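Protein chains: 6
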Amino acid sequence: MERRPHGGLIPREFEIGRQVLVGDTADAFYHRTLAILRNEGINPEVVIEFMPERRGILCGITEARALLTKVLPENSREVWAMDDGAEIEPGFPVLRIRAPYASFGLYETALAGMLASSSGWAGAARECVEAAAGIPVVSFGARHVHPTVVGHMDYAAIVGRCVSATSVVGSRMAGLTPSGTMAHELVLIMGDTLKAATALDRHMPPEVPRVALVDTFRDEAEEAIEVARALKEKLRGVRMDTALERGGVTPALVREVRARLDQAGFSHVDIFVTGGLNPERIRGFVNSKSPVSVFGVGAYIAGAMPNFMTADIKEVSGKPVARRGRVPGITQNPKLVRIL
Amino acid sequence: MERRPHGGLIPREFEIGRQVLVGDTADAFYHRTLAILRNEGINPEVVIEFMPERRGILCGITEARALLTKVLPENSREVWAMDDGAEIEPGFPVLRIRAPYASFGLYETALAGMLASSSGWAGAARECVEAAAGIPVVSFGARHVHPTVVGHMDYAAIVGRCVSATSVVGSRMAGLTPSGTMAHELVLIMGDTLKAATALDRHMPPEVPRVALVDTFRDEAEEAIEVARALKEKLRGVRMDTALERGGVTPALVREVRARLDQAGFSHVDIFVTGGLNPERIRGFVNSKSPVSVFGVGAYIAGAMPNFMTADIKEVSGKPVARRGRVPGITQNPKLVRIL
Amino acid sequence: MERRPHGGLIPREFEIGRQVLVGDTADAFYHRTLAILRNEGINPEVVIEFMPERRGILCGITEARALLTKVLPENSREVWAMDDGAEIEPGFPVLRIRAPYASFGLYETALAGMLASSSGWAGAARECVEAAAGIPVVSFGARHVHPTVVGHMDYAAIVGRCVSATSVVGSRMAGLTPSGTMAHELVLIMGDTLKAATALDRHMPPEVPRVALVDTFRDEAEEAIEVARALKEKLRGVRMDTALERGGVTPALVREVRARLDQAGFSHVDIFVTGGLNPERIRGFVNSKSPVSVFGVGAYIAGAMPNFMTADIKEVSGKPVARRGRVPGITQNPKLVRIL
Amino acid sequence: MERRPHGGLIPREFEIGRQVLVGDTADAFYHRTLAILRNEGINPEVVIEFMPERRGILCGITEARALLTKVLPENSREVWAMDDGAEIEPGFPVLRIRAPYASFGLYETALAGMLASSSGWAGAARECVEAAAGIPVVSFGARHVHPTVVGHMDYAAIVGRCVSATSVVGSRMAGLTPSGTMAHELVLIMGDTLKAATALDRHMPPEVPRVALVDTFRDEAEEAIEVARALKEKLRGVRMDTALERGGVTPALVREVRARLDQAGFSHVDIFVTGGLNPERIRGFVNSKSPVSVFGVGAYIAGAMPNFMTADIKEVSGKPVARRGRVPGITQNPKLVRIL
Amino acid sequence: MERRPHGGLIPREFEIGRQVLVGDTADAFYHRTLAILRNEGINPEVVIEFMPERRGILCGITEARALLTKVLPENSREVWAMDDGAEIEPGFPVLRIRAPYASFGLYETALAGMLASSSGWAGAARECVEAAAGIPVVSFGARHVHPTVVGHMDYAAIVGRCVSATSVVGSRMAGLTPSGTMAHELVLIMGDTLKAATALDRHMPPEVPRVALVDTFRDEAEEAIEVARALKEKLRGVRMDTALERGGVTPALVREVRARLDQAGFSHVDIFVTGGLNPERIRGFVNSKSPVSVFGVGAYIAGAMPNFMTADIKEVSGKPVARRGRVPGITQNPKLVRIL
Amino acid sequence: MERRPHGGLIPREFEIGRQVLVGDTADAFYHRTLAILRNEGINPEVVIEFMPERRGILCGITEARALLTKVLPENSREVWAMDDGAEIEPGFPVLRIRAPYASFGLYETALAGMLASSSGWAGAARECVEAAAGIPVVSFGARHVHPTVVGHMDYAAIVGRCVSATSVVGSRMAGLTPSGTMAHELVLIMGDTLKAATALDRHMPPEVPRVALVDTFRDEAEEAIEVARALKEKLRGVRMDTALERGGVTPALVREVRARLDQAGFSHVDIFVTGGLNPERIRGFVNSKSPVSVFGVGAYIAGAMPNFMTADIKEVSGKPVARRGRVPGITQNPKLVRIL
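Each protein sequence line maps, in turn, to chains A, B, C, D, E and F. Start counting the first sequence at 1; every next residue gets the next number (the working numbering). Start counting the second sequence at 1; every next residue gets the next number (the working numbering). Start counting the third sequence at 1; every next residue gets the next number (the working numbering). Start counting the fourth sequence at 1; every next residue gets the next number (the working numbering). Start counting the fifth sequence at 1; every next residue gets the next number (the working numbering). Start counting the sixth sequence at 1; every next residue gets the next number (the working numbering).
Don't read these hints as lab results, they were simulated from the structure. Please note: incorrect hints may appear among the correct ones.
Since copy identity is lost for identical chains, a pair holds within one copy or between any two.
Unchecked claim - As a list, the in silico BS3-like pairs of lysine-lysine whose alpha-carbon atoms are at most 30 Å apart:
(1) Lys335 - Lys70
(2) Lys319 - Lys289
(3) Lys319 - Lys234
(4) Lys289 - Lys335
(5) Lys335 - Lys319
Owing to the predicted nature of the structure, the values given are computational and were not obtained by experimental measurement.
Just need the whole structure built from these sequences, with the hints factored in.
Listed below in structure tokens is the structure:
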């Protein structure tokens, strides 16, 4: 995916919700802090820096910029950041804001949360992509996170170099067509893999690739060949998502189905593998040269530990400060560029 | 917290967003599945069951009920579920829907995601609460998740028996007052812990408990005694969130500050501990009888691995079915009760 | 299996081969030792004891007795032994011979080898039987050892409480009918599991139980139900030996096939499980209450480490002796009984 | 040892026993399979391949060829194999037979067993030989296996590059003189190491090397020097087999005995080490440069885990087939050569 | 050993050396601290407490009392302590001094060192004694520590319940006769174990027990029986200290020598075991019921990690104080008794 | 430190005490050995060698030479040794004595003990010095050993390349000025770090470097800056010895204090770190580039396991001998030089 320049227009899906803007999602003690400072008549210019807890991939900056654009006073703000997709590490800030404290104090919770969640997802995706060593990876994580963040999760997976994602909203945020074509539900309701595959072929527009699930009722190799015989050249691929109770998908299973498809004359049919994949299992396939065409990863990306962000005030009215345990003053990071 | 009966009115915060209702957050292959079935003229009554991946605490049912109420046809639906807060385990369904497939097929992604995320948070909270062995636990997780799910996360933490949470929205969903009173930011901007504490006391209404952060500039014991001398009986407690660079908060530190406060005549001042807590570290405090008054837990709850949900069609038009690897037909679970 | 009294006639299969009797299988240094002693005119009465290296089950005594009966002078011999099937442990002799040295010196190698190999197999079988907690275990080990010891191996497995074995000779030695009925070869050559099963039913005498292999071409549950529909009441059971490349046989697979057979009305059909079983994997089935009817164990029994035997001269002409590291004189073991 | 070409005459010891030829050592289900196929009038030409379970050294081919020569119809057979002593690995067949199924179906059990047992022994021997880094290794395993396989075991050890073996039959099969000269029994019966050594010297023909056991009654160094003083130039070596109760033979013990022999002027006397040796312990001697002359290995070779063989039908009447989990058709292996 | 009351006269060996009394062994910064306080005219009454780092056995109090008696002003001192041999644990003081600071400030280094070293040795001895489960333990540690502390080490070992020690000075401090009678040097110089043993018998007064080393030149069992035959009833015991190069002394070796001595009629001869013993190896002998009569322990006791002591000022002029990290004021310990 | 040539005068502190010279610290069995040999009229020239148990640094030779000079007969002695500070390893002697046995037999215990203790300390010091990678290390171990060996311990630490030590006697033995300037006791008694620091400055001669402890009452950074403001250019450094209850001294704490001192204009002030340091923790500081100026190590050096020494007689009257397990005769070591 071509990374989009963050200086451009911000897509509609990144718009900030009302709940966030009125501060409902903030920690209550920030409301109180702002009330006290207002009563005391204090509102200095403050510098705050956000730093990640561990190495990884940055994501969430596009959304943070959307929020800050809305709330910071245009003539007295300075925002520096790294880019979505950048490699980050502890000790180096990824976002720095200089503005009157009252203009952003209420949004520290939200900013930290956006960056933590999205960077967590993007980093996990990147781990899978690196393990896959060139074989494409697709995000199948939508069903594993709360629906209100599905879009941000899939967008982050794509920032982490997944080639596509299954959710409608996430795909739209990344400007891509959603991946995946057939659900176990279709096969179970129609009662037969072949019927389901031919129905799909009948009713879907030509641009939707024909990829058939082949693990629902019978042996994977048997179903794969049967579907290939029916759809012939139109069959783009088969997906195996074999239940763990049946041993899951193993490198040997992929190798056997590949060989049987080839022996039956269907070398053009790709093999999509999903089901409990993570970097270690992906490396298992890659190292044993198992002929996988595409990996689909769900829970590993969706359940990624957030890359927790510390947010530290480093200057108040131009004077370096810091709480005990931190070095006062701005932390140098040549990779920051001014975005507002 | 008194668990609310789920038969009552559903609070406004649980209302389902437009993006979810139009199916934007669904996996695209469900849209395709529905289109194919529609074209084939197939819409049988289907039973689907959701099962958790691991032991834990259930949450998300209130929200799932809000969604299903909206989308299922009133005269041909049956929904069975366990209660938010119930103990769950693999092999036993937590939600069962019987309805025409077309009425809910588009929401499987969203339902699985709600239950997975919320149950993950609730389970992590419960682990902390059990480790704390009677000492209250407060959720400080808001800054560690994407802002659009802060409310659901804090609500789940309270379902998991946290006594309160810091976010405005989460507290409101649980019908509680948000916890926490002073931010490092207030101390850093005012430049002095004592000044910050007395300002807080001056400007906050009496019902807000006075809890002062005492680790920002100087030794914790020194700041705690200084604040106690200033606020006297009005000081409800001190919070220590010592940076890890300074060794974090240890059982011995709490014991020493407790002893020094007591020797100075401030036995009434509670000690709140936050900063990187998890069940193991909480057990460390409890086992060494460190005199903690309240634990605040953030990243452990907010970063909880979702309790991933499998969703399996088990009947089609009254006939037991299942994909390979699963036993066809409904799975008995006497703890399910009909909720719709 | 009813243990046979070792005082009775020795079955033909335990007869000692010519190679052993002429000393060809002995270590050459025993030939030399005997030559030297003969030249020196020395042939004292000697006591030798055989002791096991580790805890386990004794086997090989029936065969050892067959050999000693042949070679020891009838009027000047005394042989004490424990019984095949007895529990043994290091430090306690399992066989003690008192006789002129020249009469048995050449057979020490063979006696130690018989006891070591057979006790190794019997002990491994017993471990499986104990892990199976009451579910019958059958020896499938014949293909994993050199054919000339197949009989001794299967006999030892039955001494270790397997209910039967697959080899013709081993079954005959134990007085049992061999187990197992269908080979993958039959299915592959006939090209179809159903055809193979009905052919078996057509041609086998009624006393051979109908047990069909159901993992050769298609899904195990599918093949099992198909065969059951064809053979109905006559089908005694199905055997699953799923390849490891397909995840092997798992507790969940057995549970599912059991459920699908039951739902189809074939509760009378047993499920036989084979393929890489060992005590740990058997315990996995037992602990998860997977409804296995019979376990078949091959490599674990056949490849058992021999229970290596030390053989020590403990008396020479009535005088206690021992090499350095051993205590001179006879070792007490109340469980020894005189067998010759 | 010079490997003998397998195209030549097959030595008498490799002759196949009657029990094997009549199929008594086969799994009974092969008898049944053949009966069914006969009744159905089916006897296609079949290709079967044997593959090892793990890396190692091949052995058993000489014997397998002896069997197949006897049973396959001369004008319609094709047998391909690797050589005894070859390095093998999983995924590559070591034996491939193409013949009418009825001609060999009964011998699959025996063929798999021969190859598994002999390859297991040969592989273990090779591990010891490699660990010994040039110091000769002798097989002392005869007493640890059932006597009917002693010859095959010692032959396999020599195929695995042991320089000799102790059993009469194994040595004969490999065309070598058996190794080892004195037993503890000789010393214990004669009551004195020196007496035993001089008796051996008196009565053995000159071509038998004089190697004296020196650990039976007194300190190893003391006995070694005493024997050396008596036999002088005629003493080829001393063997230490010190009991584990006395610490076993250690690198330091060998070094000390070597030094004391040298100081007494007996540098020509070799030191043979036996007793519980395995590759790890051998490496211990080699790495610490302990001056061992010859290693004798027993239980590690004799108790080697068989290299279990899978046997898969890969063609029936010229058509590629395979059971689920295997790739249909012949597996390429350029190292196979036609032997029949 | 009867513990001596610490209120009595202090034996000469506990007298404090000149180097300690003039402060040469102190950390220089205590000299400086005292100089500064003197110049400032400050000399308050101070309470200092010594606490151990880990659980163990206390030793060094007798010596500390000897020092404090000399240096504290008689009419203004208060010293509380636990007894040599008491069980101690972290968090509870073992010594508390209340006196003008100038009178003891220079000796903090020495007091901490005495207690740390002696308690380390006593604790290690106790561990061995407990492992020995009633079999006597003797300290052989003299050669493993600097000679100027040999006496204190052996005294501490006896406080830890060793029955005796080998050093002249340590035995004298504990009021016992030194243990051990024959050195390898005697045997090596006389060239023969038997000669050495009879010479010892000839020249030692009758009260010295005859214990012969039997591992120097020949097999232990052989030497033991030979010596027993020569000294008969006068032989109290044999000591085995077999070199590790020869496998060290093992439970099996002791068992064999015991059996051979008994068979030869020398049941009255004790077996002393030394050489690399520690609690784990002692437990090995005890658990396998090896018939050891006496254990001799050297390096484990002598090389014991000191039980490091923290020394904290807890009151100054009657006011509770403490450095950060410690609780101000005296720590309760009901086991302290006033000794000065 | 410049290593002093061992040929020179031996400093007074190395003089051997009366207790050692009269043999009171010897094992009693050496007294007995000498008595027996005297009675037998035996006093051969003997060669004895001392060998270390493990790799490390040699120390104690200076002291051993002082003892041997006193006791060996001048015209019939030969002493070979390696140098204090040399690298040693098992198998190579570090000291060899050739002299009439009666002249040194009583001192074997003392010689082994000197070398073992001092080499243990020197080796531990060297490990710290190597871990520190160029940052100076000071011995703070005096309070952790018995006072009578404080001097030898600190001398050995300096032989191991510590730059200085805190004890008066150890510093004198090494010809250095003792290190360290302020005790917690001074701060606690004066009640304030600043007061203590200025008093030190007032009363100490100018050559004593001003190093202030800054962890007693308040935050380390706060106290450090306060003291620096008072003493300005005269302040050489600050020492942090933060209690473990407060997290100990961490690399991050040093970095922060360094940064805050630099920001306040006190770049000239060094940072001394003490408290529970060992090679692993030192490497932690070095690897994270924490700006430590000097490390102070106590317990790790003082509590070092002695490098236990074996002492073996290798010649008696010119004839090679050795006990079982050792090679008779002198062991070659080209690094030995003759010192007497």
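Consistency of the hints with the structure:
no. : hint            : result
1   : Lys335 - Lys70  : within (25 Å within a copy, 48 Å between copies)
2   : Lys319 - Lys289 : between (58 Å within a copy, 27 Å between copies)
3   : Lys319 - Lys234 : between (67 Å within a copy, 28 Å between copies)
4   : Lys289 - Lys335 : between (38 Å within a copy, 22 Å between copies)
5   : Lys335 - Lys319 : within (23 Å within a copy, 56 Å between copies)
In summary, this structure violates none of the numbered hints.
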